[in-house]
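Number of protein chains: 2
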Amino acid sequence: MHINQAERDALYKVIYSRRDVRKDFLSTPINDDVIQRILAAAHHAPSVGFSQPWDFILVSKEQTKQAIKQGYQAASEESAKLFADDKRETYQSFKLEGILEAPLGICVTCDRERNGPVVIGRTIKPEMDLYSTVCAIQNMWLAARAENLGLGWVSIIHDEVLRSALNIPERLEIIGYLCIGYVSGFEDKPELEQFGWLERENLSQLVHHEQWSDKTK
Amino acid sequence: MHINQAERDALYKVIYSRRDVRKDFLSTPINDDVIQRILAAAHHAPSVGFSQPWDFILVSKEQTKQAIKQGYQAASEESAKLFADDKRETYQSFKLEGILEAPLGICVTCDRERNGPVVIGRTIKPEMDLYSTVCAIQNMWLAARAENLGLGWVSIIHDEVLRSALNIPERLEIIGYLCIGYVSGFEDKPELEQFGWLERENLSQLVHHEQWSDKTK
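For the protein sequence lines, the chains are A and B, in the order given.
Reminder that position 97 of the first sequence reads as 97 in this note's numbering, one-by-one numbering, no gaps.
Reminder that position 215 of the second sequence reads as 215 in this note's numbering, one-by-one numbering, no gaps.
Derived by calculation from the structure, the hints in this document are not laboratory data.
The model shown is predicted, which means the values in this text are computed figures rather than measured ones.
Honestly, I wouldn't trust all of these hints.
[Said to hold, decoys possible] For lysine to any residue, the following SDA-like pairs were computed, each having C-alpha atoms within a straight-line distance of at most 25 Å:
| id | chain 1 | residue 1 | chain 2 | residue 2 |
| --- | --- | --- | --- | --- |
| 1 | B | Lys-13 | A | Ala-67 |
| 2 | B | Lys-189 | A | Asp-33 |
| 3 | A | Lys-215 | B | Arg-114 |
| 4 | A | Lys-125 | B | Arg-88 |
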C-alpha cells in the first residue's frame with residue numbers, strides 16, 4: 001500500500017503540531033466513536049512478539065479524578081524540593097497537568113505475563129513489553145491530535161495512587177496516565193521551550209555516523 | 001491548527017499499514033533528505049521535561065552490520081532454548097531481522113544525564129526518559145512508513161554487542177536497533193498473526209471503565 005505525498009505531509013503535520021497539553025482543556029464531551037478510534041490506533045501499535053500487553057482504564061468520574069489530582073499535588077510538592085533554589089519557583093509556576101479539566105483520563109498499563117511466559121523478542125531485552133506499551137501511547141497521542149484532541153501525560157504521581165484509585169493489580173505495570181480533551185488551541189511550541197526552561201537540541205549534534213562520537217569535544 | 005478529515009484518514013492509514021519488517025527489504029539506497037525527515041520526526045517526539053534524551057547512530061558499513069548480525073545469531077540461539085519443545089522449531093523458522101539486507105541501521109540511545117540531573121516529570125518516575133526515547137522511535141517508525149520505507153526493531157541482541165560495535169559509552173542506555181529500507185511490499189497483517197503464532201486481542205477486553213476489572217471471569 002503506497003503512501004502519497006499528501007498523506008505523508010499529513011503525518012508530518014500531526015507529528016509537528018502534537019503538544020503535551022496541560023492548561024488549555026475544554027469541558028466539551030468527547031463522542032464514543034472518537035474515543036474508540038484513538039484506542040484502536042493504540043491497539044495497532046507494534047508489540048514485541050505480537051504480545052499486545054496493554055490495557056486502557058478510562059476515567060471520567062469526578063471523584064476518581066479528585067483522588068488522582070491529590071496524588072499529583074503531593075508528588076509535585078515532593079518533586080519541588082529536588083530542584084535547585086533558583087529553579088524551584090519557576091518549576092512551581094508551571095501548570096503540569098489537566099487532571100480535573102480534561103473530560104477523559106486514560107491509564108495505560110502493561111501486563112508482563114500476557115501471551116508469555118516466553119515472548120519472541122523479549123528473551124534478551126525484558127523491557128521490550130514496556131516499550132511496546134509506550135509505542136501504543138505514542139500512537140494514541142498522534143491519533144488524539146489528528147482528532148483535534150489535546151493529550152497530556154501526567155508522570156508526577158506515584159504508581160500506588162493510581163493503583164489504588166483504579167483497582168490495578170500488582171501484576172500490571174503502570175506506564176502512564178493521560179489527560180484527553182478538546183482544547184482552546186494548540187501552542188506553536190512546547191511550553192518548556194516557549195518559557196525558556198530549555199532549548200531544542202540541534203539535531204545534527206544528536207546524529208552519529210557508523211559510531212557514536214563525543215560531539216562536545 | 002486544525003487537522004481535517006483527509007489528514008486524519010492519512011494518519012490512520014499510516015498507523016494501520018505500518019509493519020515490523022524483517023524479510024522484504026530491498027537494497028535500494030535511501031536519499032539523505034528522506035533520512036533527515038525521519039530523524040526530524042523522531043526529534044519532535046514528546047520528551048519528559050523537554051529533555052530530548054535521544055541520540056541516533058546511523059549504520060551503513062557492511063563490516064559493522066556483520067558484527068551486529070553475529071550478535072543477533074548468538075542471542076537468537078540462546079533464546080531458542082527458552083521456548084517449549086513444541087514451539088522451538090516454529091520460532092526458529094521465523095526470520096526476525098533484516099540487519100544485512102536493510103541499507104540503513106539506526107541505533108537509538110537514551111542519555112539519562114542530558115538536561116538533568118533534575119528533569120521535570122522524571123522526579124517520581126525515573127524511567128520516563130526511556131519512555132520518551134521510545135516515543136521518538138514510534139514517531140520514526142510512522143515517518144518511515146509514510147516515506148514508504150519499512151522498519152524492523154531488532155531486540156534479540158545483547159546491549160554489549162551494540163555498545164562495542166558502535167562505541168557507545170556506558171552512560172547511554174541502548175533502547176533499540178532499527179533496520180530501515182525500501183521493501184518489496186508491506187504485509188497486510190503482522191507476520192506472527194498471519195502465521196497463527198498469536199491472534200489479535202479483542203480490544204473491548206482490554207478497555208476498562210473507571211476501574212480495572214478482571215475480564216477473564
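So, going through the hints one by one against the coordinates:
no., hint, result
1, Lys-13/B with Ala-67/A, "violated, 38 Å"
2, Lys-189/B with Asp-33/A, "holds, 24 Å"
3, Lys-215/A with Arg-114/B, "holds, 13 Å"
4, Lys-125/A with Arg-88/B, "holds, 19 Å"
Going through the hint list in order, the structure does not satisfy hint 1, though it satisfies all others.
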